[in-house]
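Once you've looked at the hints, dock chain B against the given chain A.
One letter stands for each residue in the lines below.
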Amino acid sequence: MANEISIRITGEAGQGTQTIGDVLCRIFKAAGYHLFATQDFMSRIRGGNNFFEIRVSTRPVHSPRHKQDLILCLDKASIDIHKKDRATDGVMFADKSGFKLDQLEDFMADVPFDETALRIANDKLYANTIACGLIAGITGVEFSFVTASIKEVFGRKSEAVVQNNINAARAGFELGMESPHKEMFALAPGAKFDPMAHAPLLLDGSEAIASGAIQAGCTFYSAYPMSPSTNIMNIIASRSAAHAIVVEQAEDEIAAINMAIGASFAGSRAMTSTSGGGFCLMAEGVSLAGMTETPVVIVDAQRPGPATGFPTRTEQADLDFVISAGHGEFCRIVYAPGSPEQAYYLTMQAFNMAEKYQIPVIILTDQYLQDSITDAAALDPARISTERHIISKEASAMITGYKRYALTDTGVSPRAIPSWINDVMYADSDEHDEDGHITEDAAMRKQMVQKRLHKKLHGLLAEIEKPTAVNVDNAEVILLGFGSTLGILQETTQALEKKKVGFVHLSQVWPFPSNDMLRLLSDARMIISIENNAQGQLAKLLRRETGIKVSKSILKYDGRPFCLDCVIDIVKPEL
Amino acid sequence: MAMTPNDFKSNDPIAWCPGCGNFGILPGLKQALAKLGIQPKDLLLVSGIGQAAKMPHYVRANCFNGLHGRSLPVAAGAKLANPRLTVIVTTGDGDCYGEGGNHLIHNIRRNIDMTVIVCDNQIYGLTKGQASPTSDPGMVTKVQPEGVSAQHLQPLALALAAGAGFVARGFSQDPEHLAGLILAAIKYKGFSLIDVLQPCVSFNKVNTYEWYSKRVYKLDASYKPTDLNAAFARSLEWGDRIPIGIIYSRSKL
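Each protein sequence line maps, in turn, to chains A and B.
The first sequence begins at -8 in my numbering and counts up by one.
The second sequence begins at -4 in my numbering and counts up by one.
Chain A with its partners taken away, still in its complex shape:
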């Protein structure tokens, strides 16, 4: 009996590793397990090598492991690519006859994928579903969960496709039940759900951000497709009719952000999403939002750069860029959610803060967070209520002599919506006076800079999202990170708890939580930053803003996410 197992399914692009990964996540969730799944895919539609990796456990898990217990190869090339990642007692499944192998190495087991798929459905593509059934059989999951999950995923296709998949899974399941490896890899029983309670969800970053935006009342979304942000657009578009959201595919990212700004000015809650390259094109628009004081929410789902970089892989190297992108000086917020759950709530909060302070708010995520699937407790949309911070329609009718940029103590001018008020308003990207008309007056310029920068910042500093701090007091080593590495920080700390390891994680990186950092880290014996970039950008930012120096940075910039074991192995010798 195992309490935890890591499984990898690998094959060429087009062999359906993602689809079957989706089915597997549903099976294990339904069977009462916790899971964490990552996807590794190449920037191509067919060929190459992709894999889907799922870690299943009887306790909550938040990160991928290095070594895999089961590796299922859907093509011959996968064998050599992945055998180095096999756990000591791990098993690699391959199709001896289908791959035309003379013999299998001793850590391998034969599964006749091709022959079974042809016999059942007359189509080799069903190999992935056979692999899925095999996993369910070996781990001892009830077959009813397999059937239900297949129906969920393939339900929109024809009945024949659904039935073929169920038959293929059944064949794989029987192979798994008969497998001599079943004894080692059968999972301890999963949790039984209280049917009256909210069932846990499967959530990835894309789903979380899209759902958060919809829940927050986003009514306008414009974007240009760019991995790894595109799924947000796909999800919002698929629900746009039900929620009356205008979704517009822009001709480029410049148009995307300018459309969002126009929509926001005219009364919508507006959002755009992109990756680093597209965010570069948006930089002038970020500055426009700052100058015209137009709320807008921007998602930067990072991938490795510079330039086109690795389109389908992960990195955290846009931190320096997004906190300062856009010419001139103005306020912004940059959130860096650490989990799909945080991404959901911070997206809702992003809309409120953008409208409260009339500023651009950036959500900094990355491919790893966007595409990693985990089980999450049911989301509570009531936790963050929608606060528009605009002059209501009723009050608008009474407004005359409106000044869009009226000077106030908070730097925030009451925001009216054009056509709602019984007056007109002027907004300008040139320096402007309180009426919004262009000015070159030195005194007015100074007041407007103070309004946009100093006064608003004062309010923003009082509303900084608190960093997550665990086991910080008396820690020998404090791990430090931001964004998608939260799960790695949590589990490394858990694993090394007895050795006095703690962590601090920032889910807001701008304005920088300097006071919290000084409080948490001033007396630290040793700080190790863990970042998916080559410079230790968070460590540099920490030093710039607080003077605190980290002792060491663990940096990964090969386009792949951290795995738990690798980080533990690096941290351990420091203790």
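Keep in mind that the hints were calculated from the coordinates and are not lab data.
Hints may be right or wrong, so weigh each one.
Okay, the calculated bits of chain A under chain B, using three or more residues with CB under 8 Å as the criterion [as the list claims (entries may be wrong)]:
no., segment
1, 205 to 215
2, 236 to 242
3, 410 to 418
Facing chain B, according to a computed beta carbon distance under 10 Å, are these residues of chain A, among others [to be verified]:
no., residue
4, E96
5, F98
6, I245
7, T285
8, S376
Even for Gly, the Cβ is constructed at its ideal location relative to N, Cα and C.
Leaving out everything else, chain B in the frame of chain A:
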């Protein structure tokens, strides 16, 4: 209650050069708005950067004066978000045909209900006299001392090719005629483009009031603006004779 151009008067002091062609376009716009009878609060003027982009400040209407070249996406977003607004873009040949060319093509395709008035003086005024996409070949400027070598963009033909449903050309010296074009363009349900010939008295010493006056002629009643082939022919007519009027309207006027 009938409205007059004065209802659209703004108190913001005008910053154009004396004699600027824009002084003919502004009254044409206000006349059209008065005839339309729209309340200023339901009107949104959007602009980018350039002399033409200052125009929204000189009209009593909602105004969003954004970035160079980016007036069209802002206008599109605003109209989609708040369809109650009548959206008009005032832009120039540099802003719309140069910096924002990609947005022009794709907003024509989008066919959102808005009117784009391009104050086309065939030169960059605000940056003091460089060639624009509509500068005639051979024009000598500080940056093109040997004369402009690139071809003159034919914006009306470009708009027709992209599928625009309403395309017109006006001349700033005839505000009455221009007002009629602007009114028809606003009433057209979809994307409408008016290219307005407009002398730059400070920097364009070739395309002067006199130069245009000698060449422009009004399309008469015999011209059928619903004929796309005829519209293509007129849209390319440039040189000794330049037509002004409604070049193309997909729906009957």
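Okay, the hints, checked on the actual structure:
Counting residues of the segment 205 to 215 of chain A whose beta carbon lies closer than 8 Å to any beta carbon of chain B gives 3, which reaches the threshold of three, so the coverage claim holds. Counting residues of the segment 236 to 242 of chain A whose CB lies closer than 8 Å to any CB of chain B gives 4, so the stated coverage by that chain holds, three being the minimum. For the segment 410 to 418 of chain A, the stated coverage by chain B is satisfied: 8 residues place a CB nearer than 8 Å to a CB of that chain, which reaches the threshold of 3. The beta carbon of A:E96 comes no nearer than 56 Å to any beta carbon in chain B, farther than 10 Å, and the hint placing it at the interface is violated.
Hint on A:F98 is violated. Least Cβ distance to chain B is approximately 55 Å, over the 10 Å limit. Nearest Cβ of chain B to the Cβ of A:I245: about 7 Å, under the 10 Å cut. The hint holds. Of the supplied interface hints, the one on A:T285 holds, with its beta-carbon coming within about 9 Å of a beta-carbon of chain B, less than 10 Å. The interface hint given for A:S376 is broken, as the beta carbon of that residue sits about 22 Å from the closest beta carbon of chain B, more than 10 Å.
Hints 4, 5, 8 from the earlier list are contradicted by this structure; the remaining hints agree with it.
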